[in-house]
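Since the structure of chain A is provided, determine the placement of chains B, C and D with the ligands on it from the hints.
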Amino acid sequence: MNSFRNLFPAIASGRARTYLDNAAMTQIAKPVTDRMAEFEADGRSNVKRGIYPLATRANESFEAARASVAAFMGAKDKDEVIFTSGATAAINLVAHAYGAGLKSGDEIMVGEGEHHANIVPWQMLCERKGLELVVLPVDGDGHLQIEKMVDLISDRTRLIAVTHGSNVTGAVTDVRIISNMARKRGIPVLIDGAQRAGHGPVDVASIGCDFYVLSGHKMFGPTGIGALWARPEILQDLPPFLGGGEMITRVSFDGTDYAPPPHRFEAGTPPVTQAIGLGAAADWMMGLDWAEITTAERELTQSLLDVLNQHKRITVWDPMGVAAGKVPRLPILSFTVEGAHPHDICEVMGGEGVALRGGHHCAQPLMSAFGVDATTRASLALYNDETDIEAFDKAITRMLKVLS
Amino acid sequence: MNSFRNLFPAIASGRARTYLDNAAMTQIAKPVTDRMAEFEADGRSNVKRGIYPLATRANESFEAARASVAAFMGAKDKDEVIFTSGATAAINLVAHAYGAGLKSGDEIMVGEGEHHANIVPWQMLCERKGLELVVLPVDGDGHLQIEKMVDLISDRTRLIAVTHGSNVTGAVTDVRIISNMARKRGIPVLIDGAQRAGHGPVDVASIGCDFYVLSGHKMFGPTGIGALWARPEILQDLPPFLGGGEMITRVSFDGTDYAPPPHRFEAGTPPVTQAIGLGAAADWMMGLDWAEITTAERELTQSLLDVLNQHKRITVWDPMGVAAGKVPRLPILSFTVEGAHPHDICEVMGGEGVALRGGHHCAQPLMSAFGVDATTRASLALYNDETDIEAFDKAITRMLKVLS
Amino acid sequence: MSAADDIYDAAIKDLAARARNMGRIEDADCSHDADNFLCGDRVTVEVALNGDAIENIGGKVRGCMLVQAAAAVIHGAAPGKDRAVLAEGITQARALLADGTPATGDWEGLNAFTPVQGHKHRHDCVLLPFEAVEACLADTDGTD
Amino acid sequence: MSAADDIYDAAIKDLAARARNMGRIEDADCSHDADNFLCGDRVTVEVALNGDAIENIGGKVRGCMLVQAAAAVIHGAAPGKDRAVLAEGITQARALLADGTPATGDWEGLNAFTPVQGHKHRHDCVLLPFEAVEACLADTDGTD
Ligand SMILES: Cc1ncc(COP(=O)(O)O)c(C=O)c1O
Ligand SMILES: Cc1ncc(COP(=O)(O)O)c(C=O)c1O
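Residue numbers (the numbering used here), protein chains in the order written: chain A, 1 to 404; chain B, 1 to 404; chain C, 1 to 144; chain D, 1 to 144.
Calculated from the structure, these hints are not laboratory results. Each hint should be verified, as a subset may be incorrect.
[Said to hold, decoys possible] SDA-like cross-link-like pairs, simulated, lysine to any residue; straight-line CA separation at most 25 Å:
#1 C:Lys120 to A:Arg17
#2 A:Lys129 to B:Ala259
#3 D:Lys60 to A:Gly255
#4 A:Lys78 to D:Phe37
[What the hints assert, rightly or not] Computed list of chain A residues with no C-beta within reach of chain C, every gap over 12 Å:
#5 Thr56
#6 Ser104
#7 Pro201
#8 Ile293
#9 Gln310
#10 Glu347
#11 Glu352
Fair warning: this is a prediction, and the values are worked out from it, not measured in the lab. We put the CB at the ideal spot given by N, CA and C, even for glycine.
Pulled out of the complex, with its shape left as it was, chain A reads as follows (with noise of 0.2 Å):
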């Protein structure tokens, strides 16, 4: 058995069995819930303010959390980091934030296979102030056409936005070139690492991007927590987006004075739990060998696809190449079967026990350019493993029968 499984109590007790919706959210690790428990079991304090014991250790327990989560980044100094209640989150605040120094007539590329977080808050700042949303497109398999960006950046380029990993086909973004070419003209880079974090820590200094986004819940760690890291000059001049306690250093009615980053952007309480949680998350996988896991993730990411390249309704919708393990991949994988739904056979699977998603997995444009409403996802986690994949293709048998 693979050894992880223990530190996940829903998986070690079989209660998710052949949980394969990881994209979506994984399980939690032990590590991480046991630190939170612990927090709250010896007395919660609120952050950044209080002067007694309990409000003392909360805070460095938070500031603890904060630099954690820095080191899992690769980022310099722990206040380049922001805690957001999400991916989401984070997104809209650099939409705010950064958005609002825009101007009519200015330019955001965003890639044509993003998750909705990544397409939305642009398209809406682009409402609000007219800028113009320039689509950087997929090929047929779903990776970015890189070899297009150089045409479609112009002079009023002012951030380009992609993901570091695909949610649905788990292709990888060269994020390192997308980020060169942009810093070479001035133009500053959002990854969107929500999917990539869950394998393992990440370097924003040697990706050389500007923004970088991940979520708790799909890092073992808690839901309602996030984390935004921007490089510190930006940071430094951004205007605030919400407004509240914390996030000031004097209020009146004749005009408020900022805070510096990061309080500036943690308006109101913050999650401060689930900070702690995030930051047992990112220690705990700092601790793992993420070469073995790596290596481990593909191997059962090719048996999936050997289990569905045995029958011929099926079509995996397979980054160039990957099945074959020749260009880095997240081990997500989408499939279509003929003559049969994606909700149909989520239905008929999760009842065998396999849990996998089917739908438009916030990724519609991608869909289209695939030409298809929907598509059935598995995408693993590194708690999974060979039984996982007996159980799928047991599964996929069955599926296959019932939805004939």
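Just chains B, C and D with the ligands now, kept in the frame of chain A:
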């Protein structure tokens, strides 16, 4: 011993001994942590779209929590409740979504004694859209001067935002009168119930307001969660605030259609586990005898006042008549000590095991109205009892000696 | 047999296959897109009226087998009847899903959905095509 | 004695009381407000220079006893000295708080803060007046 103490491990164990900082954050109740732990141990999943059994269970738990919170607030239908990451996020949501329809010259009225969470979002809205912020003043003991409201309302007043209960003085606002006056003039009212919610269920129907916000961590629930109730007629037409997954009906680069409420306002993966926790807190609180608890809280407040009134160096910033039990109040009070700064008071009392908060309490305009920089605050919750008053009494005596 | 399989019986499959017979109507009196925003399914319906009678129903279903089957039931039952038949269909569909009340008369075909009763999270699939036709008809009668 | 009391000894109280002697300076060469945004404390400083020498320091302290005491130490040590003395004061204050290195020379008065070393969350209180004077002087020298 107070019978609630057993339901709060941090209190029962004495680790959070003499915890009198409940207005900043309450301790979390065992029925809440139990329900959250169960949800995760049994296999969590993302909500709103999944078809396999864990996903439908997650969705049912999430929507049941929405129904619980709706019942706690006195809402007719669960879909009038939007989950947010806290009260601050809820107020910002209204400032953006409702604010989107306002025009230069329109006016927003706020109370002078508000928490920054109910000031700064409106200041930022005024800045963005060229609106005017009109301030409804407080009197010398921090009560809103409702009688001035009529004169301050104009035909450009578009919203009145006031707190249900002050986080500094415990003063309770007569939100029914305000809502009634506003309603006659067609002006929506937002009530900030962050403090009030920790002291029992509320009833938006009988208040007659249009928006009501609260936070989980101040009502024995988890951090990272809050709720907005809004009148359905208003909600129906409000544009979304944050963009992302689960808040859309259809996304394409030609344009995007938004989902109906409440989903239109819940972009991205919500704080699933925390929403379930808030539902548990609401359920638990709805089962308690609030007449009895309120009496006990008032008696303890009186005991705190009695302790403070023994000392000539101490001034209590007490809502008029409350000491004598004449008007409703929350069990929150602020005091200043001649020759001693609140931070030093909190340090010394914290050393004695008494947790108090000192500072401006995110209510700097109220501090200015009082002519002070900061106060020291004691705030009670249902688990406080006479042992806390005794510890407070002893610590006050010691503090006065140390800081003489 | 696992819990989920019971809804995919021969009756449902048969109906779903028949949804393909529902062609498009060029000169419909009304057309409407109904979305299940939670799952992304979409039903496009077109209705041709003849006075108060439903002459023909067409459109396109992009959704699961249940959505297709429900569209096929409507397509089989409604044409040639008074428009009021639709309201009756919705009532019967809701009753069947709620507590298993068997459908009768024009809507007997709905009984194919009896196994869906135990699958609450799929009830909306059955109702989506009804809502689409209802909204479509509402566009034509000025009531609403 | 409880853990928190040790910082409120006679030396600190004495210093804090002396902060009141720090008057305002009408025609200062610079003035600056420094805020501890986390707790809300604010130090307003005014500095009168005579060439590179600090002639006088004035201002107003709205903060806890530690902020007051630190302001009093500066007010006692800096006037009459070259402006460079301030940088030395900050270095010594940081060293004292970090690992208890005793302050020496002009800044011996800082040793009153030795008990604060164990109260990490109060270190910023001691540093706030220094940061205020530093920012104030930075305004006058064009470096920055
Ligand atoms: C690629 C990608 N980006 C962003 C998001 C949004 O993350 P969240 O829902 O946690 O805010 C997701 C989650 O589904 C995702 O897969
Ligand atoms: C009266 C009042 N309103 C709003 C808030 C903001 O709540 P939160 O910090 O949970 O967003 C608070 C919390 O301190 C409060 O006391």
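We went through each hint and held it up to the structure:
1. C:Lys120 to A:Arg17: Holds: Lys120 of chain C and Arg17 of chain A sit about 22 Å apart, inside 25 Å.
2. A:Lys129 to B:Ala259: 23 Å, holds
3. D:Lys60 to A:Gly255: 22 Å, holds
4. A:Lys78 to D:Phe37: 18 Å, holds
5. Thr56: 45 Å, holds
6. Ser104: Nearest chain C Cβ is 31 Å from Ser104 of chain A, so the label holds.
7. Pro201: 33 Å, holds
8. Ile293: Check passes; 32 Å lies beyond 12 Å.
9. Gln310: Non-interface label on Gln310 of chain A holds, nearest chain C Cβ at 21 Å vs cutoff 12 Å.
10. Glu347: The assertion about Glu347 of chain A is violated, with a minimum of 5 Å to chain C.
11. Glu352: 6 Å, violated
Going down the numbered hints, you'll see the structure goes against 10 and 11, while the others check out.
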